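Participant: Heads up: the protein sequence lines correspond to chains G and B, in order.
When we follow the numbering used here, the leftmost residue of the first sequence carries the number 560, and every step to the right adds one.
When we follow the numbering used here, the leftmost residue of the second sequence carries the number 659, and every step to the right adds one.
Note that these hints are calculated values from the structure, not bench results.
On a predicted model such as this, the values are computed, not experimentally measured, just so you know.
There's no promise every hint is true.
[Stated by the list, open to error] Listed next, the stretches of chain G that the computed footprint assigns to chain B, with coverage defined by at least 3 CB atoms under 8 Å from CB atoms of chain B:
(1) 1289–1296
(2) 1465–1477
(3) 1497–1508
[As the list claims (entries may be wrong)] Pairwise CB distance ranges, derived in the manner of DEER restraints:
(4) L1051(G) x V679(B): 21 to 31 Å
(5) A1393(G) x S757(B): 38 to 48 Å
(6) A762(B) x S1246(G): 34 to 44 Å
(7) P865(B) x Q1383(G): 23 to 33 Å
(8) S1246(G) x S757(B): 54 to 64 Å
(9) T842(B) x V892(G): 50 to 60 Å
(10) G866(B) x A1393(G): 19 to 29 Å
(11) T1067(B) x Q1383(G): 54 to 64 Å
Built from N, CA and C at the ideal position, the CB exists for glycine as well.
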Amino acid sequence: MTVEEPAIEPVGPEPTGAPDVGADLIVAEQVADEQADDSPIVGDVVGDDVLAGDVVVDDLVADEEIVEDQGAPPVVVVMVTHNPGWWFEETLASFEHQDYPNISVLVIDAASSDPIALRDRVAAVSPSAHLRRLDANPGFASAANEALHAVQGASFLLLCHDDVRLDSGVVRILVEEAFRSNAGVVGPKVVEWSDPTRLLSVGMGADRYGQPAPYVERGDLDQEQFDSVRDVFYVQGAVTLVRADLFEALGGFDAEITFHGEDLDLGWRAHVAGARVIAAPSARVAHLEALGERRPVDDRRRLQARHRLRVRTVASSGPTRIRTTPVAAFYGVLEVLQSLLFGRFRHARDITSAWIWNFSHASSARRLRGRLRGIRQVDDGEVRAFQRRGNLRLAAFLRAQFGRSDGEDAQWDFVSNLRATRGTLTLTAWILIVFYLLIGSRELLFGTIPAIGDMPPMLGVGDMFSRWVSGYQSIGLGSTAASPTGFGLFALLGTMLLGAVGLLRHVLILGMLPLGVMAMWRLTRPIGSRRARVVATVAYLMIPVAESSLARGDWPGLVSFAAMPIVLAQLFGASGLTPFGSIGGSAGPGVHRRPLTHRIAAIAIVAALSATIAPAFLIVVVAASVVLVIGGVLAGQFRSSLRVLLAGIGGSVLAFALQLPWSFSAITDLRSTLGSSSTLGVASSVSSITRFAIGTGRPGVLGWALLVAGALPLLIGREWRLGWAVRCWALVIAGMAAAWALGQGWISGPLPSVSLLLVPAAIGLALAVGLGVAAFEVDLPDYHFGWRQLVSIAAAFSFVLAGLPALGAALSGRWHMPRGDFAQSLAFLDEQAATSSFRVLWLGDAGVLPLAGWGLEIPAVDDLGTGRSLAFATSSDGMPSVAEQWTGPVDAGLRSLASSLEVAGSGGTARLGALVAPMAVRYIVVPLAAAPEPYATRTSYQPDALLAMLDAQLDLDSVTVNPGLRVYRNAAWGPERALLPKETSVPAGGPEIADRLLPQVSGAPEVLTEPDGFAGWSGSIDSEGSTVYLSQSGGSNWSLTQNGQALERSDALGWASSFRSTSAGDAKLQFDTPFTRWLMVLGQVVLWSLVIWYLLRVRVRVDESSTLAGVAESGAATTVETTTASGSGPAGSPSATETGDALIASILGEEA
Amino acid sequence: MKRVRRLPMIVLLVMVLVGGVFFDRSHRAPTTTAIRPDTLMPSAQPATSAGSTWYCAAGSATGDSNGLAEQTVSIANSSDEEITGQLTAVPDTGDLVVSKVRIAAHSRQTVRISDLVRSLWASALVELSGGEVTVAQLFQGPSGRSTGACASSPSQDWFFPSGSTRNGARNLLALFNPFPGEATVDITFDTEDGSRTPQQFEGFVLPGGRVSVVDIGAVVTLREHVATTVRARSGRVIAQQIQTADGREGNEQGLAVTLGATSAGANWFFPVATPAESAAHEVVSVLNPGEVDATVEVQVQVDDSALVGSVEPYRLSIPAGRSATVDLMSDARIPRSADRWLIVHSTAGTGVVAERSIGSVRSGDFGGLTYTMGAPVAATNWLATFGNPVGISSSILAIANPGASGDVTVTVTIHGAGSAKDLPTMIDVVIAPGDRRLVDLTKELASRNEASITISSDHPVVVGQLMVSTSPIDLLTPPDYPLVGSMAIVGEPAPPQVASLDDALLPLETTTTLDPAAPASSLESTSTTMADAVTSTTAR
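The shape of chain G in the complex, shown without the other chains (with noise of 0.2 Å):
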C-alpha cells in the first residue's frame, strides 16, 4: 500500500531548500595524505598506532571538502568494510562518479586482516575519502554508528556496504528525493551485482512479526515497472540515505544487532519517529551481498530470527508487545516443530536460540525502548498502516510461497502463482498428493487413532522423563535395564506440544506418511527429470506399506516408510556415483559434496531416530547397504560399494551408539529387543508379498502392475539409469526375498518384522519405476521403434493400473485401520487399577497384542497359524501405555513368568493363576484380533490350545467381554504390594514350581498405596512383624524405609524382594536409582549432541565452502546451489514452468 503523504511530523530540523553547506568530519583520518608523507596531515595524533585505529582530528580538511560545495546540502557516505574483496575498487570509484557535488566519503574498517592494504586501495581509488579503523568488528550496525561521533554538520548519511555498485545520480536522487518526499530515509532500487536486469529490491514491507516481505519478486527483470516513488516500511540496508539529525534521534542503529536486521530496526524506529520512509527506485544500487563470504559462519538464518524478535521487542510499545509477544512465540514453537519435522534442525535450533538471546539481552533492548519512547511521535495503531498484515511467515507456508509474498496485493499472489504453474506437473502432483493423503487420512485427522498393535497412547510428559531417567523400568515384571531413548525423546517433543502428548501421537503416526511422501520425492531429486521424481514419488505412495502398516497398528513400519527413503538417500550420496554422485558423470540436481563421516552421521541420527519406535531399523540399514552393493555387482559397477557398505554399517554402529545405554540390551538379548515378529498370516506367499498384500485391504491382481512399470528401465535404460535401476531391483527382490521367508517361517531368529523388510522394496520399486519415466525420455529417442516403445507404453499402463487400488484404499479415511480399540472393552481394568495395583497378562499373536511382547515357545499351545507367534507381555495397572512400547532382556522374572505359562501350556498344571499370583496377574487377556469385534475381523485368528490350555485352569475365572477376546480373572491374584501374614515364609526361589509359589499372597491385602514419584511408594504398615511383599524385580535397588529405618530386603521368589516389617508405622518404598544411571543419560545426551553439531557444523561448513567457491568462480551473485544439473535433468535457469518446483522446495525446505 502507497502512503503518499503519511500524518506523520517528521522530528528534528527538516530539511529545506538551503541545507547546512557543510559537514565536519571531526574523527576521519584523510587516506590521501596519509599515503603521500606516511604522517598525519594535520591535527594531533591522538595515539601511537595509526593503523591501530588511533584518529588524526582534521577539521581543516573537511573545510576544504565543504568549500567545494555548490549549495547542495552535505552528504557522508559512511561505509563499512571489513576484508572487502574484488569488487571493493569498483565500490569506492560508484562513490567518485557520483554526479552529486556535496559529498564526502567515510570508510569505516571494521577490523579487516590488512589495514595497510585496505588503506591502499581506498587511496588508490578515491584518495579523498577518510578512513576510520575499528580494532574489532562488531558488526554493520555499531561500525555505521561510529559515523554519529565521526561525523558533524552532514545533512544526510549515506550508510553504505562495501559492496554495493552506484550508478552515478544515485546520491544526487536519493537527495531530492529526500527533499520532494519530506522523508527521513530513502532507499535505492537494489539489482544484482553482475546482472543489473535483475531486481532484488525496490524497499521493503514487514509484518507486526518483523518478518520481511519484499515487494519485488528476487530476481524479477526490472523492466521498471516498479519505479515509481513510494512509502515503504524500511529500505534494505545495502545503501540507505537518512537525515542526519533522524539518525542522531534514534541513537543510530540498535548496536546489539551485528548483522542483519539492522535495516529494520532503522525503518521501523523511524517509523515511530514520524519520519517517512521512501523508496526512489529511479536511483540504482547493485548489491553484491557478498557478507556471506566474509563471515566465518553462515548464520544469516538465526540472526534473521534473532534480530526480528529484537526488532520487534524494542520498536513495539508495551500494549503491542503483550498482544504479539505470545503470538509470536506460538507462531515459534510451530515452526520449530515444523523444522523438527521436516528435518531442518538448523531452523529450529535458530527459532530456539533466538528467543534465548533476546530473553538475554533484554535489558539492553529496555534501554532502546526508553529512548524511542522519547521522541516517539505516532502510537503503532499509525505504524502498524504501513506493515503488513497477519503472520507473513504463516501465510507463505500455508500458500507454499516464502519469499514470494510481496506488495500490497499480496492476496493475489497465490492466485497468480497457481495461474503462472498452471499445468506444472510437480504443483499438479503435490496438490494431489496433500488432498490424496488428506482424504485417505480424514477420519484419523479429526477422530482417534485407536490404540492398537505397536501404537499405544502416550504416558504424560513428566511421567515419560522419570522413566527415562530412572533405572527402573515397570515391563514385564519390572526391570532394572536401561530404559529405551524413546521416553526421552518423547518426553522431549511432548515438552515442545506444551504437554500435548496426544497431539504428539498423532504427529508422530500420521506425520509418518506425509514425511515418507516427501523423503522419497527429495530422494529422487538427482534424476533430474520432474516427471521421474513426480512418478517415482506417487509410485511409493501407491504400494500399500504404509497403508498396511496403519491398518495393522504397526507403527515400526511407518517409521520405517519415512525413515529409509532419507538412509538410501544417504547411502546413495555415499556412493558418489552420477546422478547422486559426481563418478562416472555429472551429478544431478540438490546433490551436495558431502564428507563419508558426515554421510555415517547423518545416517546415524535417522537410524537411531527410527530405531527409538523401531529397533530392527538398524538391521534393515545395514541390510539395505549389503544388498545396495550386491546390485552393484550385478549390474557390473563394483566402485563406491566400500563407500556404500561403510557409510551403512557405520551409520547403524552410530545409531545403535546413539541409542545407548538401552540398545546394550541388544547386545545381551537381541530377540527380546526386536520383539516378536508376526505377519498375522496374511503375508505368507509369493503371491501377496510380491503385491506388497500384507494388510487388510488387498490390492488383488493390480497389486502386481507395478512390478511391470519398474521392470522398464531394466529394459530400455541405459548409463547410470539402469545402473540404478539395477540396484532398486536388488532391494525389491531382498526385501521381497526375506519378507517372504519370514511369513513362511523358515527364519527363526530375531528378525524385523515383515513391513521394515518389504519397505526397502517399496523404495526400489517406486524408485525402479522413476527411473523408468528418465529412461523413457533419455533412452528411449536413441532406439529405434520396437518392442520397446511398446513395453514403456504398458509400463505406462500399469503404472496407471496400479494406482486404481490406492484410489480405493483412501476411501475409508483411516486406511483400513480399525474403527476402535480394546480400550472401551477393557475399561473395567482401569477402573480397578484405582483401588489397587494389579497386572495384566496378555497372551496371543504378537501381531495383536496392543503392546510389545516376548516370545514363547510351547509346542502345544504356539501353533496360531502360519505367520502368528505367540508372544506375552504384562501391563501394570490396567491398559497398556507407551510404558509396555519396548521390551527389554529377559530376565528371572520374566523367566519366571515365561515358565509358569510353559508348565500350564503343557498340561503341568490346572492352576496357573497360583503360578501368577505372585506376579500380581489378576487378568489375563488374549485378544482374538487386532481390535475388537466387529472392528478388526480380518487380523483375528482362534488360538483353540491356547484357550482351551487357559480355560483349563481351575483359578481363572472366564469374564465374557467381547467376542474379540478373551478375559480370564485370576482368582489366585495377589496385590502388587502385599502384605503378607506374621510369619510367612518366602521362598527365596528355586527350579521346583513350589519354589514359585506364594499361596499367601493370594487375597493378601495391600500396603504402601499412595504413588511417590516414579517408582515410590508410599504408606503405613500397620502390622507389626508382617511381611511386605513386592513382586517387582529390581532385587537391591529397592528399599523399604519404616520409621526412617531401612528394612532388611530378601530375595523372594528369585526375582521378587520381600522386607520383613519390625514395628507399625508409616513406611516408603522406593526404587534407588544408580548413580551410573545418571551418568549414562547424560552421556547420551552429550553423545546425540556431539553428532548432531557435527552434522550440522560440517553440512554449515561444506555448504558455505561450496558457495562461496561458487560465487569465486562466478564472480558473481552467491548462490547456495552448489550443483550441477544432471545430463538428462531439466535443471538450468529457471523458467516459467519451474515455479512449482520452487513452490515445493520452499515447503520441503529444498534449498533451490
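With chain G fixed as given, assemble chain B onto it according to the hints.
Facilitator: Relative to chain G, chain B alone:
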C-alpha cells in the same frame, strides 16, 4: 566407468519369479491350524510334564452299599518317579475336602471318595506333581460295577450318543464345574421322537466348584434311545453319564458310567467288542452334533476274515443334530464265532461321535452292562489304568492297528509293585494294518490289583480292554489313555475287509442277505438305526 550390465539382473529376476512361484505352490502353508489330538479324548501327560490334573465328574459317596455308584478313584503311576499331589473331593453339598496323595513309582493307589466326604454325589479333582500317571474311577452299586474315565481337561461340549430311559433303566447326567466362576449349559436330548432341549436344561446354571446330577429319565421319559449333548454357553464343565439297568423286560442288567466325548471326529475305534459266541447285546450309537448331515459306516473288522469272511459295513445316514444306532446283533451279518473289532468312519469327514454299549442279562458267569466311548485317535503310547480288579475272571487287552498301511510293532509292559516288566508274549509283536492283537492278561495280572499296563508301539495303535467279572457278574471296559505327544489322528482308517478269492472255502452260511425292500429301519420314525439295507456281497 564400466558399462552397466543388464542381463544378470533380468536373469535373476526371472529365476526369482519362477522359483518363487514354484516354492509357493509346493510349500503353501495350511490355512487352518490342525486339530490337537489330545483335545479329543482324555490323555495322560508325559513323564517330563510338571504335573497332571484329572477331573472325575461324579459318583456316589454315601459310604453305603446302596449308593447308586459308589466311587473309588484309582491313580496309577507308570513313571519311574514317586508322584505326590492332592485329591480334592467336591460334594454336591457341603465343603470340599483335600487329601494328600503319594503314589510310588510303578504302582497304583485307590481312594474311596466316601472316605473323604459323605454326600449323595461327589466329584474328585486330582492334581499330581508329574506325568505318566492316570486316574480312573471304579463304581460299585446295586446294579453292578463299572469303570469310568476321568477327564484330563474340562470342555465346553460333551456328547453322549448312548443312553436309555426305558422301563427299568435310569439315566443320570453328572456335571462338574471345577472352576471358580459359574457355568451355563444347554442340555439337548435326541430320542426316537426327535431332538429337544427341555426348558429346565436351557441355560442351566452350574455354580463354580460344584457338582450337579440331573436325572434325565425325569425329563425324557421312557425312551429306548437317548443321546445327550451338553454345550456350555459360558465356562467349562466335566460331564459324565451314569446308566443303570435292572434287567427288566429281558433287557441287560448292570451299571455303566461313561465320560462324554468332548469333540466330534471322523473315525472312532473300538478295539474290543463282544466276545465270540457271546449272546450279549452290542449296539453302536452315533451322534452327529454338527450342522451337516453325515454318512457313517460301521466297519466290523473280523479277526480272521480268511476263515469267517468279511462283513459288509453298516451304513448310516444321520441328519445334523440327530443320532442313530446300529444293533450289531439284530441280523446274522456278523459271524458269531469270530472275534471282531469296530471302526466307525464318517465317509465325508463330517464329525460324529460314536459310543458302543454291550449288555447282557446276567446268566451263569456272564452278564452286565458297559458303555464305551470310542477312541478318536491312535497313539504310540497308551496307559491302561486298571490291572486286575477283584473278581475278574477274564481280562482282555486289545491292540489294533487302525491304519490303512504299514505294520506296527507293539510291546506291552506291566507295572506293579514298584517295577515294570515287559510282557514276554508281547514284546515287539507285529500287527498288520487293519488287524489287531488280543492279549489275555488274566493270568498275568492275577492277584496284582495294584498293577497297570502301558502299551508302546512304533506307529500309532488303538487300545481297548474288556474285563469279565464273575463276582459280581458284570462287564467292564476300563479306560485307556493315550500319552500326550504320542497321539495322532488317523486320516484314513483301515478299509473294510473284503475276502479274497482265496477265501473260497468260506462257509456259505456266514453270508447274510438283508431284505433290500425293507425300510432302512426308518430313521425318521424310530431314530434307532439303522444300517442301509445293503445286500451282502461277501465273496464266495
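Participant: Now tell me if each hint is right for this structure.
Facilitator: For each hint, the structure was consulted:
Check on the stretch 1289–1296 of chain G: 3 of its residues sit with their Cβ under 8 Å from a Cβ of chain B, so the three-residue criterion for coverage holds. Note: the stretch 1465–1477 of chain G has 6 residues with beta-carbon separation from chain B under 8 Å; the three-residue rule is met and the coverage holds. Coverage of a stretch by a chain is defined here by at least three residues with a beta carbon nearer than 8 Å to that chain's beta carbons; for the stretch 1497–1508 of chain G and chain B the count is 4, and the condition holds. A beta carbon spacing of about 49 Å between L1051(G) and V679(B) contradicts the range 21 to 31 Å that was offered as a hint.
Separation of A1393(G) from S757(B) is about 42 Å and conforms to the stated range, judged on CB atoms against 38 to 48 Å. Distance hint for A762(B) and S1246(G): a CB-CB separation of about 59 Å, inconsistent with the stated range 34 to 44 Å. A C-beta distance of roughly 30 Å is found between P865(B) and Q1383(G), which places it inside the suggested range of 23 to 33 Å. Distance hint check: the CB atoms of S1246(G) and S757(B) are about 60 Å apart, consistent with the given range 54 to 64 Å.
Separation of T842(B) from V892(G) is about 57 Å and conforms to the stated range, judged on CB atoms against 50 to 60 Å. For the pair G866(B) and A1393(G), the beta carbons lie near 27 Å from each other, so the given range of 19 to 29 Å is met. As the Cβ distance of T1067(B) to Q1383(G) is approximately 59 Å, the hint placing it in 54 to 64 Å holds.
Of the hints listed earlier, those the structure fails to meet are numbers 4 and 6, in rising order.
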